Structure formats: C-alpha cells, structure tokens
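Take each chain as given, in its own frame, and dock them per the hints.
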Amino acid sequence: MEDSHSSLFNLGILDTVTEDQLHEILHSYNAFCNATQSLLLLGSAGDISFGAEFISHVHTLCKHGLESLVCDHFLKVLEETFQRNGASRFWRHFVPYAGLNENDDIDIDEDEIDSVLCNALEQISLEKQSQEKCLLILVQALQSFKDHMLEAETNYVTSKYQWIVSSVLMATLPPVFPAILRSYFKRRLEELHTTIDGEFADDIPLSKVAMDLDEKVKVCNNDGEMDVDVCYSDRRCSENSKMVNNIGKVVLDLKSLGFTSMAEDAYASAIFLLLKAKVYDLAGDDFRSSVLQSIQSWIQAVPLQFVHALLVYLDSVSYEITSSGLKSTLALKPSSCCPGIDTPSESLVRWKLRLEYFAYETLQDLRIAKLFEIIVDYPESSPAIEDLKLCLEYTGQHSKLVESFISSLRYRLLTAGASTNDILHQFVSTIKALRTIDPAGVFLEAVGEPIRDYLRGRRDTIKCIVTMLTDGTSGNSSASGNLGDSLLEELNRDEEVQEIFGIDDDFNTDDRQAWINATRRWQPDPVDVDPLKGSRNRRKVNILGMIVGIIGSKDHLVQEYQTMLAEKLLNKSDYDIDSELHTLELLKIHFGENSLQKCEIMLNDLIGSKRVNTNIKATISQPPQTSVVVEDDAISMDKIASTIISSNFWPPIQDEPLNLPEPVDQLLSDYAKRFTEIKTPRKLQWKKCLGTVKLELQFEDRVMQFTVTPVLASMIMKFQDQTSWTSKNLAAAIGIPVDVLIRRINFWINKGVIEESTGAESSDHVYTIVEKMAETSNNGVGSGNTQDLLGDDEVEDRSRASVENQLRMEMTVCEKFILGMLKNNGSMTLDRIENMLKILCVADKSLQQLQSFLSCLVSEEKLELRDGMYILK
Amino acid sequence: MANINVHVETGQDNIAPSMQPLAPPKSVDSQSVLRRLQSELMALMMSGDSGISAFPEEDNILCWKGTITGSKDTVFEGTEYKLSLIFPNEYPFKAPKVKFDTTCFHPNVDMHGNICLDILQDKWSSAYDVRTILLSIQSLLGEPNISSPLNQQAAQLWNNQEEYRKMVEKLYKFPAA
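These protein sequence lines map, in sequence, to chains A and B. According to my numbering, the stretch in the first sequence is residues 1 to 873, in order. According to my numbering, the stretch in the second sequence is residues 1001 to 1177, in order.
Chain B extracted, bound-state conformation (with noise of 0.2 Å):
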C-alpha cells in the first residue's frame, strides 16, 4: 500500500517577476545599472573562463580594469595585456567604452590602445555582457580584420608571423612582477 506525497515544482507559482531576466525597460535608472554590472561580474568570476578577467576598479562599480591573455598558438601567445573598461549610465543599451592600457602592436589598436571591434560600436547590443567583450578582443588578437587597421604597420606585417611575433615581443612590456 503506498501512499505517496510528493513535493513539487512549479516554475512560478505566485511570485513576483522581480527575479527575471531584465527586460529592458526604457528608463534606465542608475541602480539597474548597478544592480546589472554585479550580476555580470558574479557570472564572470564564477565562469571560471581562462585568459580573461576583470574586475571594478575602486569604488566605482562603472569603471573595471581588465586582463586578456593572448590564445595559444598565435603571435600573442604568453602575453598579457590590461584593459580598462568604461560603462555609460545607460549600459547595457550603450556599449561601454574599452581601451588598452598596455602598449598593444595590432592591426586593429592605435598607439593610444582605442580598439576597432564593430560589437563595440554600431554593432552594440544589450544581450553582449563584459565576458563576451573580453572574448571578442581576445580572439581579435589572434584573427585581425586586415582590411580596416588602425595600425597600418601591424597589418603590413601580419602576414610575416615570425617577423610579428619578434615585434610583439619588442614592444611587449611583462607586467612589473
């Protein structure tokens, strides 16, 4: 004879919707930004995800410093390299602002460390988080767009991957251990 009661599940049963995902709402006051920026560096410290990381700088959750190891088997192999990050108000409906702050040889990176990456301009969307931003430049690395450079000299010499490798390493500075 069995008489079994069983707990169950529902998806949701009578909440709130305060725990959904965020659908974005026109007004974007700053505590949404806040609360979006903490939920996303929770995820990223939790992903676990080699060769990228960031992290908000001081006390200000809108500006993090960033680190991208260069992928294996390309000319950036073994090096490291700084970033920081900038997210406006109105993140994640406007993209944040993302430079070098080491010195980077790349086709696609000025002296000043500015980046070309369409995802970081006109092709901006809100479902991008920083984790992917720091995937996208991190294999931006390795597969350059030639065809726009910002660094004429790095696209010249792309094709000679010794010759950059030797470059790379020239203006590589290993970060003060």
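Isolated chain A, as found in the complex (with noise of 0.2 Å):
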C-alpha cells in the first residue's frame, strides 16, 4: 500500500528501495502517523521529547523524499480533527438560534446571541491557535531537515491549511450566520453611536450655522482630507477603543476563519443601515434647514470614525504579528485588505466616499420622494432644494426625480379636486424650485409637460393665468388672495436683478476674462436628457413663457386680458387707473407694444372720458335749473359720471334692453345732448345695463346704502311709488325679461329690502318693499353691512358667461368652417382642415384639439370619418 502510494509521487526512486529501506519507511510511517495522531489529540502541550520524536520520523520519511506525504497526510488529520472540534463545536453554538432568519425580527435575547457569537469565535479561535502550533512543529520539523527550505513551501503548508479552515466552515455554514452577524454589528454600531452621538449633539450646533453654498462646500471639501486623525480619533478613540477593539478582534477572529468578505458585508451593512436610519431621523419632514452639512459631519464623527478606529486596530494588530515574523503569514495571509502602514487612509477615503454616496443617494431619494411637499412650500423649503441639488449632482440620477416627481404630480395636483388657481401656483413654484436644481431647464421640460396638457384641458385656464399675472395686491379680493405680488412684478423684478448681475459680470472684467468665465460657467446637458425635448440653445428658464405656453399663444393671453380688463375698468366708480396703467407697462414689457395696443386705448379713453366728463359738468354748472326734481330730492347731473369707451378697441360688450327710471333717463339724455354740443359731430349711445348706481335706501326704520348695477336699482325704485309689484308688471315695466327679474331680485330679497310670496297665479310672484326690519324677524341680514359691492355671483355669473359665450362662438365658427370646407372641397384629411383652417385664421387650435373637435363632430353624426378622411354626412 505505501508502494503504491510512494508510487504515485515518486516513481524514480521505487527500482532503488531496498528491503531495509522500506521497512523503515513503513515504520517511520507509522510512528510518524501515531505521533500526529497523538500530538494533535494533546495539542502543542506534547512535551519536547514527544516533539524530537515526531522531528525525527519527519526527517525519516524526508530523506526518502516523501515530504508531500508528510504534508498531504498531516493536514488531512488537521482537517478531520478541525471539523470534529471546530467547525462542528462552532456551529452548534448556534444551533438554538437556527429558526432565525434574515427577514424576522430578531426576537432572541441579542446580548445572549453576541455573547455566544463572542465565545464561540473565541474557543473555535483557540482550537485554531493549536492547530496551527501544530502546525508549526511540522514546518519546523521540515525546516530543520532542509535548512534552505524555500518559504514558498512554508506559505504553501501554511494557506493550504488556512485553505482548509474556511472550505470546512463554509461548507458547514449555517444560512442563519450572516443574519447573527449582522446584528452583531448592528447593535455594537449602536451602541457606539450612541455614546459618539451625545459629543456630537454638542458640536452640532457649530457647524449646522448657515453658511454660504460656496463655503458649506468647501468646508465639505476640506473636511474631506484626512484630518479625521486630528480631530476625532485623539479625543474619542481612547474612550471607545475598548469597544473597538472588542469588535476588532470579532473581525479580526471572523477574518482569520476565512470569513473576510462576510465580516466586511456585515459591518458595512450594519454602516449603511446606521446612516441611513440617521439620514431619515436627521433630514424627516423639515424642509426649512437643510442638513447636507449636519449629516457630513455625523459621517466624520460617527461611522468614519468607527471605521478608521477599526481600520487602526487590524492595523496595527497585523502590524505587530508581521513584526513577530512566521506567525504573521497564518494570520495575515488571507486578510489581505489592509497590508501596509499607509493604507488606512487609503480605504478609508474609500470608506468616505461610499459613505457619502450613499447619504447622498438616500437623502435624494428621501427628498424626492417628499419632492411635492418641498414645492407646495417652495420658498420655505429652497434649503431642501439646495440639499436635494448638491445630492443630485453627486449622484446624477435626474430621471429618477422627474419619474417620481411627475408621478406624484399625476396623483395629487393634477386631479379635478384641485383648483386650477392651486395647479397653476405650483406649477410656478415647480418652475422655480427646478430652476435651482437644473438651471438649463432640461427636466423642467419633462416635468412640465403634464401639468401644462392638464390645465389645457380646463375651460378657466385663461382666466386664471392672467389673474395670476396681473392682479397684485391692488386686484379685487375675489381672486388670488394670497398672492402678494402680481406675478408679473415678480418676474420682472426677476429680471431687473438678472441683468444686474449680468452688467457686473462683464463691467469689471475684460473680454478675455469674460469668455473665460462664460466657458466656465456652462454646463453640458445631463446625459438622460431627451434630445427630442428641449434645445441645447434655450439656456435660461422662462417662466412666462411656459406660463404662456399653457395657453398656446400670447394673442389669447392678451385677448383675455382685455376681457378682464374692460370689466374692470367699467366698474371702477373713478378714474383712477394707475394700478391698470403699471400693469399695462410691465405686459408691454413681455408681450409686445402692438399686441397690446387696444388695451392702451381702453386705458386712454378712460383719460378721455374723466375729461369730457369734466368738461360737461362744467358747462352744466352755469345753468343750474337743469337739475330734475325727484320727489324732494334733486339728482343733479353733478352726479354723473360717464366713461365714454371708443367700441371697437373694446371687447363685445353686451346690451341688455332696460329702462331706467324717468328722471335718471331724462339725465342721461340731457347729458348725452351736452356731449354732442362739445364733441359735435360725435353722440353718446348710453349702454344703460352696465355701470354702478350708489343708492341710499331711507325707510321708516333704518337708512341702507349699496352699490349696485343699473338693473338692480331700476328695480328698487320702482318700489319707491308702488310697494308691492308682481314680478310679471315690475318686468315690463323695467323692461327686462321676466325670468332674468326673478334672478336679479333674489339680491334684493337676500338683503331683507323686498319679501317674496306667490301671487294669484301660480307663476306669478309678488315682491314687497319691507318697510319695517321688525316685520321680517327672520330676515335679519343686511341692516349692519349696509355698504356691499355689485352682487358678486352676478359679476363672476356675467364675467363667466363672456369667456363661455367666446368659446362657443369659436367652437360653432369652427364648426361651419369645416362643414363648409366639406361640403364644397368633399374629403379632406386632418392635415388639410387644419392647414385651411390656419391659413383662413379661423381658429388657433392644435392639432390635437382639431382632431378631438372633428371627432366630436363625428359622433354627432356631422361627419364621417373614412381612410382618415373626413366627409360630409
């Protein structure tokens, strides 16, 4: 059997073997096999005189050349005796902790399980060190016989063996080890935290002040140097070395069994998990402050310590084994991480950057998740914005924030609970708050895309763009109160400041130095940018553009403005439009002179109308019996005040028949006769519906006073000679349509001035003034507030109206349009109605909105849509 065996490694040497000489093979063998058994049984504590016996059948066996014998068949007693009494000695200490896994909570006395893991790694670690003095024995044992022996076979021996306590292990491994590591790591990280935490509360303070981006950054950048030695390590490392260490030698322990890359995961991800809990526990819900820096510092005073500390200790443990020369290789072979003197801080710089990455990269995630809260308080949360930004250019996942962002947007904004008003502020804020982060406008784009097809799709858009635009705090407080500022200011205040900058930019600086700062400042692109959307070459971020984007041309903002424009100029009691004229000028700023020229006429015949007005009263002032007498009171002309409008710069404005009172007509007409001798060949059509009337109601009780429209007072001065009118004769007798007076009146009812009961007939209704509150108990309204504006759900009743009746009349001219173009041109596709459409000037619609316009008209049954051309049905 050992000639085979010989054989197979020697087979040169078997013609040469003589009797004698293999019989003391065979019988160096036997003892030598004893001698192993038995010295690995006892452990290194075999006496010397044991020891030389071993020696000398090694050197026996050695001088017949069968030194890989020896070798082969000494590390495979190793083995089995390492399995018997490590490995398996090992693992049972967990054995109670096998129904643990990764995913449960770990619901097991923890300090008993770090205990256990402690001892075990302990005592497996011991059987080791014998092993490996056995080990040693056998190497010297070798070395003796053959002084110059290479230490490559030593390295050999000893990695073959090292080779051999990590398969054993790793084949026994429990899946239940990582998880018991890992929260081995946990905990200890915990509790070190815990003690670093407190000295670090205190220094927080100091270095959470504001500060500059630039000077938060190069803070940053200094910090990032390896001054951790200076700052921490002196004062902390000695008052928690004892827990390093205790944790160093766990690693150190885990790493000499082979389990290197398992230890290192696990203390990372005990790290990681560390950080990321701070990061959530430090960055929360609070947008105001931003935390960049304070989480930077707790990576320099928490986890960077922990790791440098442990760096240090493996350091300087592997150090000192190194120095004790052969032993060193045992242990040092297989962790190999950490081989010289200098490289602490090598991986530890590595460290740092992993560490901040990650903080980076779960900050970010953190924010934009919460990204839509950060911009409903936009100018609150800008720090989030700031933070959110130096993330994102560490990380460089933009698309991640506009996936999310636009999803949430999708969710919460962009529903029909929210008011448009709502979508529109954050949609500015958006703008604004991206601005920050991506000043090229790049993902804005993407991120704006839906909100602008959104609000295209509601009717009040318009209205509430430029309501937004132009109404400042000057702006009736219907609309946005909110809003300080118009957004027009704003932007323009914007600008003031960005041109200022732009002029110091270039004053103090020559042309070279200008370019220079030019090529320094531009940034290309981001990668994930789609080249489909957005030019390279619109660098600066318009917010009235996108604004105005939403509407699709600034022709209609203008119209629209108009619109409100005349509205209010003809309620305005005064002449004062001063506010009107700023915001006429700012529009002109942005839109154009031209688009804007009808505004400014309406804006001058204002002007115009305060001076004829003037005019008038000062020729009516000479002849005082022009006065009419109502009752006792005189309404004398001084009274009036017209605003005299040039109608075809003007928006329609529509002319509800009505009859004024006697005297109040006879006024107008008197007054009219005065315009026309002044401005001969001119006359005044008096447009008696619109206009406010201040009244002052007396009755036997109390005295009211109110602004209201022409109709409304008509209707109340009715009562003044007859108290109770049926709604059918206060109609005629005003001159408006029944239906419209039972609307109108419900003001005066509302105010307690009229009561309402039914008539004879059913249909009829009877209104009566109420001369004594006392009367009408129930209606207690209205004797406090005795000043109110115009009926406000009229005003927004009338102004709705005008934007409903353009669109209808834009959607039945379109429609003639097309069933015209058909009926005379036959078939035609989309592509050619739109381009007819555009080329006439009929209608400014996408082609989106043109299509879902014809295909409406096709499920009327107007048209026919065929091979995508659409015919006449």
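Read the hints as simulated data drawn from the structure, not as lab findings. Possibly wrong hints are sitting among the right ones.
[Stated by the list, open to error] Under the rule of at most 30 Å between Cα atoms (straight-line distance), these lysine-lysine pairs were calculated in the DSSO-like manner:
id : chain 1 : residue 1 : chain 2 : residue 2
1  : B       : Lys1170   : B       : Lys1082
2  : B       : Lys1094   : A       : Lys838
3  : A       : Lys63     : A       : Lys146
4  : B       : Lys1173   : A       : Lys694
5  : A       : Lys146    : A       : Lys463
6  : B       : Lys1082   : A       : Lys873
7  : A       : Lys873    : B       : Lys1170
8  : A       : Lys838    : B       : Lys1097
9  : A       : Lys816    : B       : Lys1099
10 : A       : Lys873    : B       : Lys1166
11 : A       : Lys639    : A       : Lys617
12 : A       : Lys816    : B       : Lys1097
13 : A       : Lys862    : B       : Lys1173
14 : B       : Lys1082   : A       : Lys862
15 : B       : Lys1099   : A       : Lys862
16 : A       : Lys823    : B       : Lys1166
17 : A       : Lys816    : B       : Lys1094
18 : A       : Lys823    : B       : Lys1094
19 : A       : Lys617    : A       : Lys554
20 : A       : Lys588    : A       : Lys845
21 : B       : Lys1082   : A       : Lys816
22 : A       : Lys823    : B       : Lys1173
None of these values were measured; they are calculated from a predicted model.
Below you can see the structure in the form of structure tokens.
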C-alpha cells in the first residue's frame, strides 16, 4: 500500500528502494501517523521529547523524499480534527438560533447572541491557534531537515491549512450565521453611536450655522481630507477604543476563519443601516433647513470614526504580527486588505466616498419622494431644494426625480379636486424650484409637460393665468388672496436682478476674462436629456414663456386680459387707473406694444372720459335749472360720471335692454346732448345696463346704502311709487325678461329689502317692500352691513358667461367652416383641414384639439371619417 | 339719493378708421382682396343660408368651390350643383368668373357650364358678394331668362315643365356619395 502510495509520487526512487529502506519507511510512517494523531489530540502541549520523536520521523520520511506525503497526511488529519473539534462545535453554538431568518425580527435575547458569538469565536480561535502550533511544529521539522527550505513551501503549507479551515466552515455554514453577524455589528455600532452621538450633538450647532453655499462646499472638501485623525481620534479613540477593540477582535477572528468578506459585508451593511436611519432622522419632514452639512459632519464623527478605529486596530494587530515573524503569515494571509501602514488613509478615503455617496443617495431618495410637499412650501423649503441639488450633482440620478415627481403630480395635483389656481401656483413654484436644481431647464421641460397638458383641458385656465399675472395687491379680493404681488411684477424684479448681475459680470472684466468665465459657467446638458425635447439653445428658464405656453399663444392671453380689463374698468366708479397703467406697462415689456394696443386705447378712453366728464359738468354748472326734481330730492348732473369708450377697441359688450327710471333717463339724455354740443359730430349712446349706482334707501326705521348695477337700482326705484309689484308687471316696467328679473331680484330679497310671496297665478310672484325690519324678524340680514359691492355672484356669472360665450362662439365658427369646407371640397384629411383653418385664421387650435373636435362632430353624426378622410354625412 | 354713473358708448371717439367698411380706393393691393374674401367667407359661413355654400379651394383663397341646391317647387328641386368661382386680383371691382362644374341643363347655362347672368358681366357692382352671386344663380335656376338662351334645347323645353324635369333628372349626376 505504501508502495503504491509512494509510486504515485516518485516512481524513479522506487527502483532503488531496498528491503531495509522499505522497513525503515514503513516504521517511520506508522510512527509518524501515530505521532501526528497524538500531537493533534494533545495539542501543542505535548512535551518536547515527544516533539523530538516526531521530528525524527519526519526527517526519516523526508530523507526518502516523502515530504509531500508527510504534508498531505498531516493536513488531512488536521482537517478531520478541525471538522470534529472546531467547526461542528462552533456551529453547535448557533443551533438554537437556526430558526432566526434574515427577514424575521430577532426576538431572541440579542445580548445572548452577542456573547454566544464572542464565546464561539474565542473557542474556535483557540482551537485554530493550537492547530496552528501543531502545524508550526511540522513546519519547523521540515525546516530543520532542509535548512534552506523555501519560504514558498512554508507558505504553501500554511495557506493550504487556511484554505482547509475556511472551506470546512463554509461547507457547513448554517444560513443564519450572516444574520447573526449583521445583528451583532448593528448592535455594537448603535452602542458606539449613542456614546459618540452624545458628544457629537454638542458640536452640531457649530457646524449647523448657516453658511453660504460656496463656503459649505469648501468646508466639505476640507473635511474630506484625512484630518479625521486630528479632529476626532485623539479625543474619542481612547474612550471608545475598548469597544472598537472588541469589535476589531471579532472582525479579526472572523477574518482568520476565512469570513473576511462576510464580516465586511456585515459591518458595512450595519453602518449603512445606521447611516440611513440617521439621514431619515436628521432630514425627516423638515424642509426649512439644510441637513446635508450635518449629515456630513455626522459621517465624519460616527461611522468614519468607527471605520477608522477599526482599521487602525486591525492594522496595528497585523503589524504586530508581521513584526513577530513567521506567525504573521498565518494570520495575515487571507486578510490582505490592509497590508501596509499607509493604507488606512486609502481605504478610509474609499469608505468615506462610499458612505457619502450612500448618504447623498438616501437623502436624495427621501427628498425626491417628498418633492411635491417641498415644492408646495417652496420659498420656505429652498434649503431642501439646495440639498437635493447637491445630492443630484453627486449621484446624477435626475431621471429618478423626473419620474417620481411626475407620478406624484398626476396623483396629487392633476385631479379634478384641485383648483386651477392651486395648480398654477404649484406650477410656478415647480418652475422656480427646479430652476435651482437644473438651470438649463431640461428636466423642467419633462416635468412641466403633464401639467401643461392638463391645464389646457381646463376651461378657466386662461382666466386664472391672467389673474395671476396681473392681479397684485391692488386687485379685487375675490381672486388669489394669498399672492402678495402680481406674478408679472415678481418676474420683472427677477429679470432686473439678473440684468444687474449680468452687467456687473461683464463690466469689471475684460473680454477675454468674460469669455473664460462664460466657458467655465457652461455645463453640458445632463446625460439623460431626451434630445427630442428641449433645444440646447434655450438656456434660460422663462417662467412667463412656460405659462404662456399653456395657453398656446400670447394673443389669447392678451385677449383674455383685455376682457378682464374691460370688466374692471367698467366697474370703476372713479377714474383711477394707475395700477392698470402699471400692469399694462409690465405686460408691454413682455408681449410688445403692438399686441396691447387695444388695451392702451381702453385706458386712454378712461382718461378721455375723465376730461369730457369734467367739461360737461363745467358747462352744466352755469345753468343750474337743469337739475331734475325727484320728489323732494334733486338728482343733479354732478352725480353722473360717464365712461366713454371707443367700442371698436373694446371687447364686445352685451347690451341688455333696460328702462331706467324716468328722471335718470332724462338726465342721461341731457348729458348726451351736452356731449354732442362739445364733441360734435359725435353722439353718445348709453349702455344703460352697465355701470354702477350708489344708492341710499331710506325706510321708516333704517337707512341702507348700496352700490349696485343699474338693473337693481331701477328695480328698487319702482318700489318708491308702489310698495308691491307682481313679477310680470315689474319686469315689463323695467323692460327685462321675467326670468332675469326673478333671478336678479334675489339680491334685494337677500338683503331683506323686499319680500317675496306667491301671487294669484302660481307662476306669478309678488314682491313687497319691507318698510320695517321688525316685521321680518326672520330676515335679520343686511341692517348692519350697509355697504355692499355688486352682487358678487352676478359679476362671476357675467364674466364666466363671456368666457363661455367666446368659447362657444369660436366652436360654432369652427364647425361652420369645417362643414362648409367639406361640403365644397369633398373629403379632406385632418392635416388639410387644419392647414385651411390656419390660412383663414379661423381658429388657433393644435392638431390634437382639432382632431378631438372633429371626432366630436363625427359622434354627432355630422361628419364621417373614412380612411383618414373626413366626409360630410 | 341716487348718484348715478353710467357707462356710455359712442360711435367712434378717438379711433382710427381701419375698421370702416371698405371705401373703395383706386389702387388695390392683393392684401385687401384677401381681407375682403376672408370677411365674405366669414359672413357666408355665419349667415346659415341653406342651399348655398362656398369655400376656398386648397391654399389659394382666390379659387373657391361653391354648392347650390335647387330651390323647392322648381324643376331643380333635390339637385345639387357644384360651381367654381375664380376671383380676379381686382375683386371686388371686377366680377369673379363663375361656372358650373356639374352639368346643368338650363337655358342660361351652356354645355361647358358657362353662365349667362347680367350681374356677372356688365351689371357687376362691388356691392355684390359671394353670397349674393350664389343666391342670384340659385334663383336663376328657377327663373331662367328665355329670351337670350345659351342652351336652345333647354329654352324650348322650359314651357313643358314635366318633360323638363325628366331631362334634368336624366342629365343630373348625383354627387358621388
């Protein structure tokens, strides 16, 4: 058997082997086997004579060239012993925790696990050390036989042993072990964290002091260098060194057992978990302060500190071992991650980068998930935006932001429940906020698109936009009350600020310097930019442009403004148009003088009206007999103020018929006569239903003041002569339809001035004036608040009606043109229809809008769509 | 106590006269033709006259296609005729060229679709527009001028309305549906 054994290894020697030699070999081998067995059983504690015997046997065998046999056998026995004494015993410690799965919550006493782990590690390390000593004896034996034994051979034996140890352990690894490791590191780190954090909390206020962005970055960079040792290690290393050393020992043990990567994974994941928790804790839902700085300092203070200490410990141990000679190879071989003295800084840098990236990414994810809320309180939340910007610069995951933000927009903002005003404000905030993150506006393009598309589908979008643009503090209260300044004004300020900066930049530096600055400022488009969207040339994000983009063209916006301006001007009772002039000037800057010509004429009309009004009154004051006597009060022409408009330049004004009370009508025609005298050949045509009337109603027990429309004034004046009217008669007297009267008179009923009751016919209502408040105790309204503007709902009604009318009008025109077009030209494609409408300037519609309009007509069975051609039915 | 201030409109106060109905200037630029045709088109589309319709053809606003349906109680009842209208650059000071695209059996329409109608020739006035032209042609269908016919056969047959109706139906091609 031995023959066959040796023949396998050294066939050449076989021929020369004599009987004696064979015996000697057999004897030595048997003795060697026994010695090995007992050596390993006894451990290194065996006496020296025993060792000497062992050595002599080894020498004998080596003499016959059987070194490899010796090694192999020895290692095989070592493996068996380790399996029996080391591994199985080691794992037996963890059997009780086998049910512990990675995902389950650990409900077994954690301290117990920790101590079990430590004990088990200690035990197996001892076992391993004793085996290593045995191995050392073998190595020494081999060395003593061969003085010049190569180091490589020694290394071969030791590394082979190391392999055996780790493969035995790995082969029998229970699945629960990594989880146990992780939990151990997590708990240790948390302990460490609480102690360090206590001190860290004292420092934080200092670093938290608000700093300029540049400064912040600078500080980060400075901190980034390896002054960890200087700053922290002196103070803290000693305090926590015991704990770190304990951990270090565990790591070292694990490493020596071949669990290098598993140990690293475990403490890395523990560190990351802790970091994540810390980021969540620091960042939370507070967007009003920047947290990046404190996260960074925390990374410096806790995890990096830990890693540093750990590395230092591991390094010092391995260094000691290295200096202690041969033994080092055993301990160090597998843990080659920190072979030199200089390396801590290098691996520490790597750790720092990893941690920071992780922190940035965590914070970024956190902020992106909450971006919607952040933008809701935008100006206050700008620190969070700045943080996010820095994070994104680091991680470059802009597309994540875009995707997540769009989905939250869809889910939370672009729903039927959100008011158009809110959507617009959020849109503007989004633009402002994202402008910080992405000055080139590339992502804004992607994010803005769904908002724009959605807003286009809303009817009141234009109105809201115009209100938002033009209505400042001076605007009427019904509109956006929360906006202090008109957006336009704000935009203008922005622009001025930008311009001033621009001038500064270029003024102080010569051309070459300016060019260099420009090139330095240039940044390429982010990688994930969709080349189809957004051109490279558009460098500046134009808020106004984006808003106008919602409407489609600035003409629509101007048109809407004109309508609103007309309404506003017509409801003015004085000629004060300063704020309107100001707004107009602002609009002119953005939209050009030409498009706002009509609005300018409208304002000029008002200025002209003021002059004409004064002139007319001046001529009247000379013949005082013109005043008309109504009962005992006289309405003099002084009370009239007219607004004279050039109707061609005003939006169409609905003229409802209305019979004004006789004296007022007389007064108006007198006024008109005066006007003709002054301004021949021009004539005044009254729009009697427009304007406002200030009234004071005197009752038996009270006096009330109102500012109302002429219709309402005429109505109430009728009750002067007759305390009760049927709805039919009253409508006829005023000259308006009955249904309009019934709707309008509600104003007086709500004010408690008029009472309603059913008349003789069921369709007829009877209205009676309420002379005494006491009579209608249930109607306690109105006596206190005497001043009231026009019925608000009515104003709303009218303006909304005008917008709707305009829309409907546009639609009918469009429909008629399409029908006419198809009737005379036969079938046409969508493109041709669109082209035709464009040439004829009928409707400014996008292709999609037109298509949906056409499919409406198809569903109404007016058209037919066949092979992409529209045909008249 | 009524303090009344009422808003007023005057015909024109301080405005440029650009919105005035066209006072015919001597030299006409193509711009004004376009503008005129555009406003005529708008008026025609919004007028809602049944039985007459016209619309520019392709991108050239000077070439229109028109449609006339035969009036009720005439031999042309239930028919629909296509016309083409070509406006000169001098329009509205020169009459447009109007002819039938669909064959029309009518005393004042020849086999090529040319129409003999005084307002399209010597009686043209710039006061006429597409709408009045189309209405005139529509009424011409029911009330032909027998004294100066382009289509002798039609003129002779006109007195026999029943026979005429048959002829109209025989020659009439229903628009491809």
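These are the hints, each one checked on the structure:
1. B:Lys1170 x B:Lys1082: Distance ~17 Å between B:Lys1170 and B:Lys1082 Cα, so the pair holds.
2. B:Lys1094 x A:Lys838: Holds, at roughly 27 Å.
3. A:Lys63 x A:Lys146: holds, 10 Å
4. B:Lys1173 x A:Lys694: violated, 70 Å
5. A:Lys146 x A:Lys463: Violated: A:Lys146 and A:Lys463 sit about 100 Å apart, past 30 Å.
6. B:Lys1082 x A:Lys873: Roughly 17 Å between the alpha carbons, so the hint for B:Lys1082 and A:Lys873 holds.
7. A:Lys873 x B:Lys1170: Holds, because 25 Å separates the two Cα atoms, which is no more than 30 Å.
8. A:Lys838 x B:Lys1097: Between A:Lys838 and B:Lys1097 the Cα gap is close to 26 Å, so the pair holds against 30 Å.
9. A:Lys816 x B:Lys1099: Between A:Lys816 and B:Lys1099 the Cα gap is close to 24 Å, so the pair holds against 30 Å.
10. A:Lys873 x B:Lys1166: Holds. A:Lys873 to B:Lys1166 sits at ~27 Å (cutoff 30 Å).
11. A:Lys639 x A:Lys617: holds, 10 Å
12. A:Lys816 x B:Lys1097: Holds: A:Lys816 and B:Lys1097 sit about 25 Å apart, inside 30 Å.
13. A:Lys862 x B:Lys1173: holds, 23 Å
14. B:Lys1082 x A:Lys862: Holds: B:Lys1082 and A:Lys862 sit about 20 Å apart, inside 30 Å.
15. B:Lys1099 x A:Lys862: holds, 28 Å
16. A:Lys823 x B:Lys1166: Holds. A:Lys823 to B:Lys1166 sits at ~26 Å (cutoff 30 Å).
17. A:Lys816 x B:Lys1094: holds, 28 Å
18. A:Lys823 x B:Lys1094: Between A:Lys823 and B:Lys1094 the Cα gap is close to 27 Å, so the pair holds against 30 Å.
19. A:Lys617 x A:Lys554: Judged against 30 Å, a Cα distance of about 41 Å means the pair is violated.
20. A:Lys588 x A:Lys845: holds, 25 Å
21. B:Lys1082 x A:Lys816: holds, 19 Å
22. A:Lys823 x B:Lys1173: Measuring from Cα to Cα gives roughly 17 Å; hence the hint holds.
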